[in-house]
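K.L.:
Heads up: the protein sequence lines correspond to chains A and B, in order.
Quick note: the first sequence uses the numbering used here, first residue 1, plus one each step.
Quick note: the second sequence uses the numbering used here, first residue 235, plus one each step.
Careful: at least some of the hints might be erroneous.
Stated by the list, open to error - Stretches of chain A that chain B covers, calculated by requiring three or more beta carbons in the stretch to come under 8 Å of a beta carbon on chain B:
id, segment
1, 23–34
2, 113–123
3, 206–219
These are calculated hints, taken from the structure and not from any lab test.
Even glycine gets a Cβ: it sits at the ideal position worked out from N, Cα and C.
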Amino acid sequence: MKRKQAVVCTAVVCAAIATACGIPQDPEDTLARIQGGVVRVGVVNNPPWASLTSSDEAAGVEPQLVRALAAELDARVEWVPGAESELLAALEHHSLDLVIGGLPASSPWKPKLGFSRPYYTDTLIVAGARGSRVRHALRGVRVGVEKDRAGAAALESRGAVPVPVAHPATFPGPVAAPAWRLTQFGRAPAGVVLGMEKRVFAAAPGENGWLVRVERFLHQRRDSIPIMLRREGR
Amino acid sequence: MKARDAYELPEERERDLRRAVRLEWATIAAMLSVIALLYFTLGSSQAMKTAWVEDILSLVPPIAFLVASRYSGRHPTKHFPYGFHRAIAIAFLCASVALAGFGALLLYDAVLKLMMREHPSMGTVVLFGHQVWMGWLMIAALVYSVIPPVILGRMKTPLAERLHDKALHADAAMNRADWLTGLAAAVGILGIGMGWWWADAVAAAIISLDILRDGWKNLSQSIRDLMDERPTRVGSREPDPLAERVRAALCAMDWVEDADLRLREEGHVLTGEAFIVPRSNEGLSERLASAARQVHALDWRLYDVSLVPVRSLARVSGGQERDTATR
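Produce the complete structure using the sequences and hints provided.
P.N.:
Put into structure tokens, the structure is as follows:
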């Protein structure tokens, strides 16, 4: 019993010291390096989440958030363009600190990187034209989708016929799009739910102090995300 | 085929056995709750995953015990004239193989993670409106995971000693040692929090070494059991003093010139042959029958010990020189 008590006491003391030490810390001291320094951010071109302008600057919802975070940390941002898989591979080797661009939480890279908690959940909805309601059975129904064919696979698995259109806002029939896009088209974001996709930031693996800092920031700003999305237009 | 006589446990041992069965059911229920809780807090921690697998493995000995205790009490039949007492040894063997196998697998996994230099990422979760680092949640789950096994292990140990049940004793010992697993995993997670990426994999390696050691110890014990090793005390390799007591009791009889015996363990009971060199062959059947009654009255564990009259105790090479065995 004495041994057990000693063990429990040690554990409690450890926890107390740990809290004082600022758990969790980074094996590669990422957060310490970023504070007052440079944060290397890989940007995947994925409007409206993130896009790179011609002058090597980044625009979109996520770059705005990153700029705000960098301001909090008194750091300068270095935007790094590239393809998603290359940027994520660089992140895995700690050549980057963060990768953004509407990364889906279901990405197969999840076990190898430090994915943040989802900061926004995209709901893909099939909404009818103004005034009309969409029937739950979509078999054989022609549904308008955007040029990037988002949701086409989900529609086909339900037997619907996806029709890519250039201007979904003027499509006469039902349209499948994320909820915030439907609001932009002037349609109510209500109807048949096709699926949900959660958006995350990706941090370097194992850099838990940095990851927790990013997550706390995102959690604070969670209410401002829908507003930012509405402002982003194509 | 002459089947053995049925064996009946004495009252108190029967009560102990029933209590052991209840405790093993409680162990299964408690471990299921621990397994569910750990599953939801696993995250990307290798140490947590190893502790979780160990808790799943700790379901195997209770299940083995419960299945075996259903069978071992059955009366011997024509097809199984020696009865079913060996059932527990078989169950014990299966449990040890499972433990040893998984221990080796988990050790391999942990060492691989160390060699690949994988850095585990642990972010935050939101609980009741508060953002908490996952590591704290994992440690809380580990603290809970340690409590039921340690309590149940302490409750099962005295039962196992009274019942001379090696499988139950090993199961109780593993439960009692569970606090080490919880501590190692918690230290591993705290190590990650301090920035040492290898702490988690090292903790996982330590836990899996512990599982492997348990499996190996139990495997060698159950192999020795099945090879009919001389009876030993519960939880140690020392010879059981009961064998010597039986020999002394036999030698003390006035018609016995010399006696020796050969005993083996079958689950709870001790069985075997006692070789008696009688001073004369008069009234041998009655004397042997009364000697058998005396021997079996010595201890509840003695069952079906055959008394064999022989001309001498010297070992015979080649043919067998034994008179007809009577009981």
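K.L.:
Any of the earlier hints contradicted here, and which numbers?
P.N.:
none
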